[in-house]
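Student: So you can see what is in the structure, the chains are spelled out below.
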Amino acid sequence: MSGTITNLSRRAVLMGLGAGTFVLAGGLGPAARAEDSPKKYGGDAMPGGVKDDPRLFVAVAADGTVTILCHRAEMGQGVRTSWAMVIADEMDADWAKVRVDQAPGDEARYGNQNTDGSRSMRHHFQALRRIGAAARQMLAQAAASQWGVPVAEVTADHHSLMHAASGRRLGYGEVAAAAAALPVPAREALVFKDPAKFRYIGRADIGLVDGFDITTGRATYGIDVRRENMLYAVVARPPVHGGKLVHYEVDEALKVPGVVKVVVLNTAPLPSGFLPKGGLAVVAENTWAALKGREKLKITWDDGPNVRYDSAAYRAELEAAARAPGQVARNQGDVDTALKAAAKRVTAEYYIPHLAQAPMEPPAAVAQVTGDACEIWGSTQAPQTTRETVAKVLSIPAVKVTVHQTLVGGGFGRKSKPDYIAEAALLSRAMDGRPVKLTFTRTDDLHHGFLHTVSVERLEGGLDAKGKPVAWLHRTVAPAINATFAPGVKHEGASELGMGAVNTPWIVPNLRVENPEAESHTRIGWFRSVSNIPHAFAVQSFVAELAAAAGRDPKDFLLDLIGPGRQINPADMADGWNYNEDPVAYAYDTGRLRGVVERAAKEAGWGKPLPKGQGRGIAAHRSFASYAAAVVQVAVDAQGKLTIPRVDIAFDCGPVINPDRVRAQLEGAVIQGVSLATLGEISFKAGQVQQDNFDSYEVTRIEAAPKDIRVHLMPAAQYDAPLGGVGEPGVPPIAPALLNAIHAATGKRIRSLPIRDQLRA
Amino acid sequence: MPPIKLTLNGKPWSVDADPDMPLLWAVREIAGKTGSKFGCGAAQCGACTMHVDGQPVRACSTPIGSIAGSKVTTIEGIEGKVARAVQDAWVKLDVVQCGYCQSGQIMSAVALLTDNAKPTDQDIDSAMSGNLCRCSTYVRIRAAIHEAAKALEI
Numbered sequence: 001m002s003g004t005i006t007n008l009s010r011r012a013v014l015m016g017l018g019a020g021t022f023v024l025a026g027g028l029g030p031a032a033r034a035e036d037s038p039k040k041y042g043g044d045a046m047p048g049g050v051k052d053d054p055r056l057f058v059a060v061a062a063d064g065t066v067t068i069l070c071h072r073a074e075m076g077q078g079v080r081t082s083w084a085m086v087i088a089d090e091m092d093a094d095w096a097k098v099r100v101d102q103a104p105g106d107e108a109r110y111g112n113q114n115t116d117g118s119r120s121m122r123h124h125f126q127a128l129r130r131i132g133a134a135a136r137q138m139l140a141q142a143a144a145s146q147w148g149v150p151v152a153e154v155t156a157d158h159h160s161l162m163h164a165a166s167g168r169r170l171g172y173g174e175v176a177a178a179a180a181a182l183p184v185p186a187r188e189a190l191v192f193k194d195p196a197k198f199r200y201i202g203r204a205d206i207g208l209v210d211g212f213d214i215t216t217g218r219a220t221y222g223i224d225v226r227r228e229n230m231l232y233a234v235v236a237r238p239p240v241h242g243g244k245l246v247h248y249e250v251d252e253a254l255k256v257p258g259v260v261k262v263v264v265l266n267t268a269p270l271p272s273g274f275l276p277k278g279g280l281a282v283v284a285e286n287t288w289a290a291l292k293g294r295e296k297l298k299i300t301w302d303d304g305p306n307v308r309y310d311s312a313a314y315r316a317e318l319e320a321a322a323r324a325p326g327q328v329a330r331n332q333g334d335v336d337t338a339l340k341a342a343a344k345r346v347t348a349e350y351y352i353p354h355l356a357q358a359p360m361e362p363p364a365a366v367a368q369v370t371g372d373a374c375e376i377w378g379s380t381q382a383p384q385t386t387r388e389t390v391a392k393v394l395s396i397p398a399v400k401v402t403v404h405q406t407l408v409g410g411g412f413g414r415k416s417k418p419d420y421i422a423e424a425a426l427l428s429r430a431m432d433g434r435p436v437k438l439t440f441t442r443t444d445d446l447h448h449g450f451l452h453t454v455s456v457e458r459l460e461g462g463l464d465a466k467g468k469p470v471a472w473l474h475r476t477v478a479p480a481i482n483a484t485f486a487p488g489v490k491h492e493g494a495s496e497l498g499m500g501a502v503n504t505p506w507i508v509p510n511l512r513v514e515n516p517e518a519e520s521h522t523r524i525g526w527f528r529s530v531s532n533i534p535h536a537f538a539v540q541s542f543v544a545e546l547a548a549a550a551g552r553d554p555k556d557f558l559l560d561l562i563g564p565g566r567q568i569n570p571a572d573m574a575d576g577w578n579y580n581e582d583p584v585a586y587a588y589d590t591g592r593l594r595g596v597v598e599r600a601a602k603e604a605g606w607g608k609p610l611p612k613g614q615g616r617g618i619a620a621h622r623s624f625a626s627y628a629a630a631v632v633q634v635a636v637d638a639q640g641k642l643t644i645p646r647v648d649i650a651f652d653c654g655p656v657i658n659p660d661r662v663r664a665q666l667e668g669a670v671i672q673g674v675s676l677a678t679l680g681e682i683s684f685k686a687g688q689v690q691q692d693n694f695d696s697y698e699v700t701r702i703e704a705a706p707k708d709i710r711v712h713l714m715p716a717a718q719y720d721a722p723l724g725g726v727g728e729p730g731v732p733p734i735a736p737a738l739l740n741a742i743h744a745a746t747g748k749r750i751r752s753l754p755i756r757d758q759l760r761a
Numbered sequence: 001m002p003p004i005k006l007t008l009n010g011k012p013w014s015v016d017a018d019p020d021m022p023l024l025w026a027v028r029e030i031a032g033k034t035g036s037k038f039g040c041g042a043a044q045c046g047a048c049t050m051h052v053d054g055q056p057v058r059a060c061s062t063p064i065g066s067i068a069g070s071k072v073t074t075i076e077g078i079e080g081k082v083a084r085a086v087q088d089a090w091v092k093l094d095v096v097q098c099g100y101c102q103s104g105q106i107m108s109a110v111a112l113l114t115d116n117a118k119p120t121d122q123d124i125d126s127a128m129s130g131n132l133c134r135c136s137t138y139v140r141i142r143a144a145i146h147e148a149a150k151a152l153e154i
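Residue numbers (full-length UniProt numbering), protein chains in the order written: chain A, 1 to 761; chain B, 1 to 154.
Wrong hints could be hidden among the right ones.
Stated by the list, open to error - To give an idea of the chain B side of the interface with chain A (calculated C-beta under 10 angstroms), a few residues:
(1) D20
(2) D88
(3) E147
Quick caveat, the hints were computed from the structure, so don't treat them as lab data.
Only a predicted model underlies this, so the values are computations on that prediction, with no experimental measurement involved.
Even glycine gets a Cβ: it sits at the ideal position worked out from N, Cα and C.
All chains should be built: construct the whole structure from the sequences, respecting the hints.
Tutor: What follows is the structure, encoded as structure tokens:
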């Protein structure tokens with residue numbers, strides 16, 4: 001088993017199965033009109049769709065080596081391993097003879113490659129099975145032809161074909177060339193393996209294909225790429241978003257030994273989308289010289305209108321907006337009347353600041369421009385977006401941009417935006433086509449990110465005399481991701497509202513969700529779990545606050561609010577988005593939400609007494625079509641020091657392909673949730689980010705991480721059931737479960753994140 | 001400026017560089033060994049951790065001129081019983097997620113176990129506190145260090 005990333009884009013078609021021409025699968029003919037076809041969901045609705053032609057993804061060499069091409073970005077979710085596990089299993093390949101190659105960015109060829117939205121397995125599991133089954137059937141057909149027997153008499157058996165009647169056997173490698181010349185079986189002709197016979201799918205001990213390379217320092221990330229004659233660059237960008245260069249002196253910078261050139265980069269007009277911020281680039285013989293040169297630049301900036309962005313003042317604006325009616329996003333019953341008639345009213349406002357993804361590998365890429373073509377070696381979650389963005393800044397066709405995908409040293413949404421890669425491309429052109437490596441320092445990363453939004457969530461609830469909830473009013477106010485791409489956007493989009501604001505399945509007769517206006521003054525972007533973070537934080541904190549007001553156990557109250565198990569069409573909760581999944585196949589299943597709540601509570605020993613100063617909190621949330629519930633146990637000492645001895649998280653994502661990686665994602669999600677709740681904050685003053693590095697933008701270190709994280713995976717009925725996402729859904733319930741636990745332990749209700757020293761005596 | 005002479009992964013290394021250049025950039029960009037990572041440039045994340053004369057240092061904040069004559073070991077050159085036990089434990093428990101910080105984690109773990117064959121959880125906290133992992137693989141890092149310690153007992 002080996003897992004180096006070699007980007008042998010053409011090898012997969014040269015080595016065997018792929019020989020000969022191929023026809024792209026899927027896609028509508030030119031005569032087809034949109035209204036003729038049913039609405040598409042899931043992977044089929046993504047740009048480029050899903051491809052399942054085995055000749056694109058599987059190559060079998062004469063020696064039997066099976067090379068599987070993965071077109072997703074590996075950023076820690078283990079997709080290169082899980083991807084290959086599915087194909088190898090379905091084609092009955094011997095794992096020891098499987099290697100994994102990485103596809104370059106090419107959506108027309110491979111289908112959609114955006115590695116975000118917790119979609120890799122959710123959108124591709126069935127396609128990967130089809131790829132494996134088709135490859136196996138082609139190999140079987142080749143053996144049948146060679147033996148002159150009906151294919152029905154040939155069985156695949158762990159990397160070889162067998163003819164039981166005659167006892168003959170051929171290895172995969174021996175028939176690879178013949179199989180490659182055969183037509184790909186039609187989808188209807190595919191026969192899938194009995195899941196009871198899966199060798200790899202569902203097994204926890206397969207081992208990561210990149211594990212050895214990573215632990216020995218051999219693995220290559222974007223920042224590690226080295227090209228002949230390469231130069232190194234850093235950029236001085238406008239400190240305020242939308243600011244521009246006015247005046248600059250570069251003489252001192254050019255005197256730094258090793259500095260080769262200072263290049264002006266244009267600032268794109270706002271909203272600037274994925275385009276770079278512009279500024280002055282220092283290009284040098286090494287990164288250290290570039291950094292020293294950058295320090296010597298003398299620049300006057302025109303900061304533009306965002307210079308007034310101040311987080312304290314902005315928070316007050318959001319709070320004011322949350323206290324007045326806003327655009328109605330969902331409405332059932334009559335909330336106002338019900339609130340007036342309620343025996344008890346509870347109001348709470350929750351605040352969560354901007355966050356930076358801060359992947360350990362800061363944004364970095366190498367570009368080389370040759371004539372009207374450009375090659376990129378980079379760490380990106382979105383190779384196709386990268387092609388398009390690079391093409392745009394260089395004014396060349398996107399097909400002339402080649403993106404070699406490296407391992408991604410953490411993404412969390414930051415590397416879905418290719419601004420840094422476009423900078424590298426512009427600099428290579430400015431240096432007459434020499435390869436240029438562009439590196440963000442950590443400060444660059446924090447100052448020039450695409451930040452998680454900032455929000456105020458105001459909730460108001462009414463209880464009747466028996467403590468039953470009768471009214472629920474939620475106002476969510478946050479600058480929207482769309483404001484980064486389109487002018488005048490002041491409301492959360494359908495996807496943001498569908499991340500836990502409108503789609504609460506509560507048994508409450510009167511329920512309204514409003515979204516007052518919020519203007520954006522910085523670049524907002526996706527951050528692992530996105531708007532689920534503020535929405536789950538507020539909603540699940542408020543459920544516990546209502547339970548307290550009703551004098552009820554928070555877990556029992558939560559279960560009553562969820563109500564009995566039922567399938568809700570998300571559109572009935574004003575969620576027409578539903579992660580772009582089919583509203584029937586991917587209905588909101590309250591039974592599954594109940595299931596994870598009950599499981600987490602049971603496993604955590606909910607209700608069992610704890611020593612003084614300790615407490616448990618619970619929270620549950622559906623996101624990315626998966627269901628998660630967490631019970632966090634905290635201890636708060638007399639000085640207010642918080643420790644988290646244990647977290648139980650129950651998780652239902654439907655069929656589990658790679659249980660060990662699902663567990664790993666949830667272990668990481670728990671700690672990342674703790675990190676954002678306890679420490680996470682990016683703030684602005686005079687339009688500038690106030691945090692420069694990990695001393696001021698703190699993230700959780702080993703000593704503060706929960707030591708005992710127990711992941712409880714819910715069993716799935718069958719492998720044909722729809723898959724939920726895995727990478728993101730573990731994060732949202734953690735902050736509210738933690739805050740609910742703190743309340744249980746201390747009686748203190750924290751509504752403003754991060755917790756930082758709010759518990760200090 | 002005369003070249004700076006050191007030993008890198010057991011071999012003599014003569015570097016022609018600004019003595020202020022951090023060891024990390026010299027190793028990555030001049031020696032071409034990219035296993036040690038840049039994460040913060042300010043000794044705050046540990047991704048760049050190397051051994052200098054056996055001690056773990058943050059190479060991003062160590063001027064190369066300040067360690068002339070020293071023996072530098074990176075993830076590519078680490079060897080011996082402890083290193084093997086740590087790397088084996090890391091693979092056995094599938095510790096890594098994105099993996100970017102892991103060479104630094106491993107260098108810190110090897111230094112810890114070389115000094116302290118049976119670290120407690122608290123020993124691990126203090127030795128590993130300087131190594132950030134944004135994927136948050138800390139639970140498995142801790143387990144792998146205990147696992148390596150156990151393997152070294154035998």
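Student: Each of the hints needs a verdict: does it hold here or not?
Tutor: Comparing the hints with the structure gives:
The interface hint given for B/D20 holds, since its Cβ lies 8 angstroms from the closest Cβ of chain A, which is under the 10 angstroms cut-off. Interface restraint check for B/D88: the shortest CB-CB distance to chain A comes to about 9 angstroms, inside 10 angstroms, so the restraint holds. A cut of 10 angstroms between beta carbons decides the hint on B/E147: the least distance to chain A is about 13 angstroms, and the hint is violated.
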